[in-house]
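Visitor: Chains A and B, in that order, are what the protein sequence lines are. For the first sequence, position 187 matches number 187 in my numbering, and the numbering has no gaps at all. For the second sequence, position 2 matches number 2 in my numbering, and the numbering has no gaps at all.
The hints are simulated quantities; they were obtained by calculation from the structure and are not laboratory data. Be careful, since some hints might not be right.
[Stated by the list, open to error] When the alpha-carbon atoms are kept at most 35 angstroms apart in a straight line, the in silico DSBU-like pairs for lysine-lysine are as follows:
id	chain 1	residue 1	chain 2	residue 2
1	B	77	A	480
2	B	5	A	352
3	B	76	A	106
4	A	390	B	28
5	B	28	A	50
6	A	263	B	41
7	A	88	B	88
8	B	88	A	414
9	A	50	B	72
10	B	41	A	341
11	A	296	B	25
12	B	41	A	390
13	B	77	A	321
[As the list claims (entries may be wrong)] Going by beta-carbon spacing under 10 angstroms, a handful of chain B positions derived as facing chain A:
id	residue
14	10
15	33
16	40
17	43
18	49
Beta carbons: idealized from backbone N, C-alpha and C, even for Gly.
Here is what each chain is made of, one letter per residue.
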Amino acid sequence: MIRELHKKLTSGEITSVKLTERYFDVIKKKDKEIFAYLSLTEESAREQAKKADAKIACKEKIGILEGIPGAIKDNILVRGAGMTAASKILDNYIAPDDATVIRKLKEAGAVILGKTNMDEFACGSSTENSGYGPTKNPCDLERVPGGSSGGSAAAVASGEAVWALGTDTGGSIRQPAAFCGVVGLKPTYGLVSRYGAVAMGSSLDQIGPLTKTVEDAAIVLSAIAGEDQKDATSVRSSGKDYTNFLTGRINDLRIGIVEDYLKDLSEGAKKSMDEVIEQYEKLGAEVKKVELPNAKYSLPVYYIIMPCELSSNLARYDGLKYGIRINDELDSDYNTNCLPKNLLETYLDTRKYGLGAEIKRRIMLGTYALSSGYYEAYYLRAQKVRTLIKKDFEKVFEKVDLILTPTAPTPAFKLGEKTQNPLEMYLADIFTVTANIVGVPAISVPGPEVFGLPFGFQLMGKWFNEENLLNAAHAYEINK
Amino acid sequence: MISKKEVRHIANLARIGLGEKEAEKYSKDLSSILNWINELKEVDVSDVEPTAHITGLENAVRQDKIREFDDKEALKKLFPEEKDGYNKVKSVL
Numbered sequence: 001m002i003r004e005l006h007k008k009l010t011s012g013e014i015t016s017v018k019l020t021e022r023y024f025d026v027i028k029k030k031d032k033e034i035f036a037y038l039s040l041t042e043e044s045a046r047e048q049a050k051k052a053d054a055k056i057a058c059k060e061k062i063g064i065l066e067g068i069p070g071a072i073k074d075n076i077l078v079r080g081a082g083m084t085a086a087s088k089i090l091d092n093y094i095a096p097d098d099a100t101v102i103r104k105l106k107e108a109g110a111v112i113l114g115k116t117n118m119d120e121f122a123c124g125s126s127t128e129n130s131g132y133g134p135t136k137n138p139c140d141l142e143r144v145p146g147g148s149s150g151g152s153a154a155a156v157a158s159g160e161a162v163w164a165l166g167t168d169t170g171g172s173i174r175q176p177a178a179f180c181g182v183v184g185l186k187p188t189y190g191l192v193s194r195y196g197a198v199a200m201g202s203s204l205d206q207i208g209p210l211t212k213t214v215e216d217a218a219i220v221l222s223a224i225a226g227e228d229q230k231d232a233t234s235v236r237s238s239g240k241d242y243t244n245f246l247t248g249r250i251n252d253l254r255i256g257i258v259e260d261y262l263k264d265l266s267e268g269a270k271k272s273m274d275e276v277i278e279q280y281e282k283l284g285a286e287v288k289k290v291e292l293p294n295a296k297y298s299l300p301v302y303y304i305i306m307p308c309e310l311s312s313n314l315a316r317y318d319g320l321k322y323g324i325r326i327n328d329e330l331d332s333d334y335n336t337n338c339l340p341k342n343l344l345e346t347y348l349d350t351r352k353y354g355l356g357a358e359i360k361r362r363i364m365l366g367t368y369a370l371s372s373g374y375y376e377a378y379y380l381r382a383q384k385v386r387t388l389i390k391k392d393f394e395k396v397f398e399k400v401d402l403i404l405t406p407t408a409p410t411p412a413f414k415l416g417e418k419t420q421n422p423l424e425m426y427l428a429d430i431f432t433v434t435a436n437i438v439g440v441p442a443i444s445v446p447g448p449e450v451f452g453l454p455f456g457f458q459l460m461g462k463w464f465n466e467e468n469l470l471n472a473a474h475a476y477e478i479n480k
Numbered sequence: 001m002i003s004k005k006e007v008r009h010i011a012n013l014a015r016i017g018l019g020e021k022e023a024e025k026y027s028k029d030l031s032s033i034l035n036w037i038n039e040l041k042e043v044d045v046s047d048v049e050p051t052a053h054i055t056g057l058e059n060a061v062r063q064d065k066i067r068e069f070d071d072k073e074a075l076k077k078l079f080p081e082e083k084d085g086y087n088k089v090k091s092v093l
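With the hints as constraints, model all of the structure from the sequences given.
Guide: Next comes the structure, spelled out in structure tokens:
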């Protein structure tokens with residue numbers, strides 16, 4: 001889709017300003033119902049669009065993303081724009097700097113339309129945990145768009161953005177992509193700089209694209225990937241144009257399937273997966289069964305590692321340096337730990353009113369697991385099981401190039417269906433978390449629908465081999 | 001089982017103010033989540049090294065050089081309370 005729009009821009013069929021206006025028109029028409037956006041950056045979008053048009057008018061060569069409008073998840077800093085991470089605690093926060101991915105996108109000439117809704121601090125699988133209200137699934141307004149990057153997925157699916165950025169800590173790009181019927185890519189841990197993204201689980205977080213097509217995902221990834229001095233975990237300089245690898249030929253490809261992942265699916269979901277497997281075989285890939293004996297522990301491992309890291313990362317939201325500051329004048333009965341009462345009460349009240357229920361739940365879970373006497377039993381043990389899961393993947397990747405699974409066990413569920421029981425909500429991430437635990441790249445691609453709703457399948461690839469992953473996804477997409 | 005008293009202790013460590021009803025709800029929620037997580041106890045992890053994060057990167061160093069930030073005013077505007085160009089915080093001592 002980006003390539004077509006790029007051709008229209010360069011041929012003069014449309015200007016970037018007109019294209020941008022067209023997207024703002026769609027947003028104005030649809031977003032009252034869908035609520036994909038938390039804020040719009042209209043002025044800077046028009047400026048950026050004008051710059052692209054001026055270059056085209058002078059017959060200057062423009063990049064593939066230049067003048068193409070997209071949306072940014074509201075946990076990534078865009079200089080001068082508000083950034084809430086969908087939390088009331090950052091209600092008044094204005095980003096003083098650009099995230100590295102934003103700097104790169106701006107250098108590529110991309111137009112930024114606005115900031116998208118999400119689960120507060122990226123904690124959730126439905127976007128119902130947003131401090132500003134839920135996003136609806138554009139395919140069925142009674143259903144959730146998935147989460148936590150639900151706003152980004154809904155914006156792309158509804159035609160309110162050409163492309164979007166999300167973040168993925170346990171499935172937050174891929175699961176909403178699957179629910180909304182778009183493509184979502186979580187790159188290898190370390191491929192994309194997280195500087196300027198709100199940290200959630202630092203050993204798991206990655207930024208990645210949500211788009212209509214696999215080629216579009218490759219285009220956006222090419223723009224944002226690469227080593228960055230400001231993120232010490234970004235390990236490889238990329239500089240690759242991932243679109244060069246999209247040949248659509250997968251003759252020698254070996255794809256692994258995990259029987260345990262498929263056997264408990266509903267009939268509709270199973271049928272969808274069977275059709276995907278059949279299609280890959282038809283295209284010449286060899287599909288074989290593989291085993292990941294420790295992968296079943298991924299979700300409990302995730303629900304130790306992530307809350308521990310989250311509780312530490314979110315300690316900075318204390319009402320002192322930025323964000324809201326609250327002291328409700330009511331005295332709590334807490335022991336003041338030698339801190340002046342006034343200071344302690346400011347911490348307590350700021351976080352009491354500023355943070356939502358799920359965030360508090362996870363911070364407390366992490367605080368508990370890291371507290372004295374529990375560290376070995378929880379965090380350290382989880383990190384050891386993580387090693388075992390990683391070894392499973394290393395072994396499997398000796399036999400196959402990619403692993404195929406569903407992205408989520410079901411299509412999008414209804415609003416309110418899982419909000420009462422946190423554990424039930426957590427299970428929505430059962431197939432996606434493993435890729436974050438072991439750090440491999442993974443993509444969700446729309447497969448055959450289930451009960452008339454979008455259903456995605458997931459491919460996981462070898463570390464830093466996004467090209468193989470994208471090509472396999474592309475091969476399916478152009479032949480379906 | 002995490003008691004209400006434990007929840008209040010954890011909340012205090014995490015600097016989160018809690019109402020009475022919330023303490024009760026979190027006591028239930030945290031207990032059921034921890035119960036589920038305890039599944040990991042069945043895994044044999046003797047002689048297994050922990051993985052902190054996946055690239056195995058250790059001690060990434062850079063020069064300790066000051067980089068001037070070009071918009072200090074934007075940072076100052078974020079202060080919840082300001083006095084004479086300084087961030088005013090609650091007294092610590």
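Visitor: All the hints need checking, so say for each whether the structure fits it.
Guide: A quick look at each hint next to the structure:
no. : hint          : result
1   : B/77 to A/480 : violated (53 angstroms)
2   : B/5 to A/352  : holds (18 angstroms)
3   : B/76 to A/106 : holds (25 angstroms)
4   : A/390 to B/28 : holds (33 angstroms)
5   : B/28 to A/50  : violated (55 angstroms)
6   : A/263 to B/41 : holds (25 angstroms)
7   : A/88 to B/88  : holds (21 angstroms)
8   : B/88 to A/414 : violated (46 angstroms)
9   : A/50 to B/72  : holds (29 angstroms)
10  : B/41 to A/341 : violated (40 angstroms)
11  : A/296 to B/25 : holds (28 angstroms)
12  : B/41 to A/390 : holds (18 angstroms)
13  : B/77 to A/321 : holds (10 angstroms)
14  : 10            : holds (5 angstroms)
15  : 33            : holds (6 angstroms)
16  : 40            : holds (5 angstroms)
17  : 43            : holds (5 angstroms)
18  : 49            : holds (6 angstroms)
In terms of the numbered hints stated before, the structure departs from hints 1, 5, 8 and 10, listed from lowest to highest.
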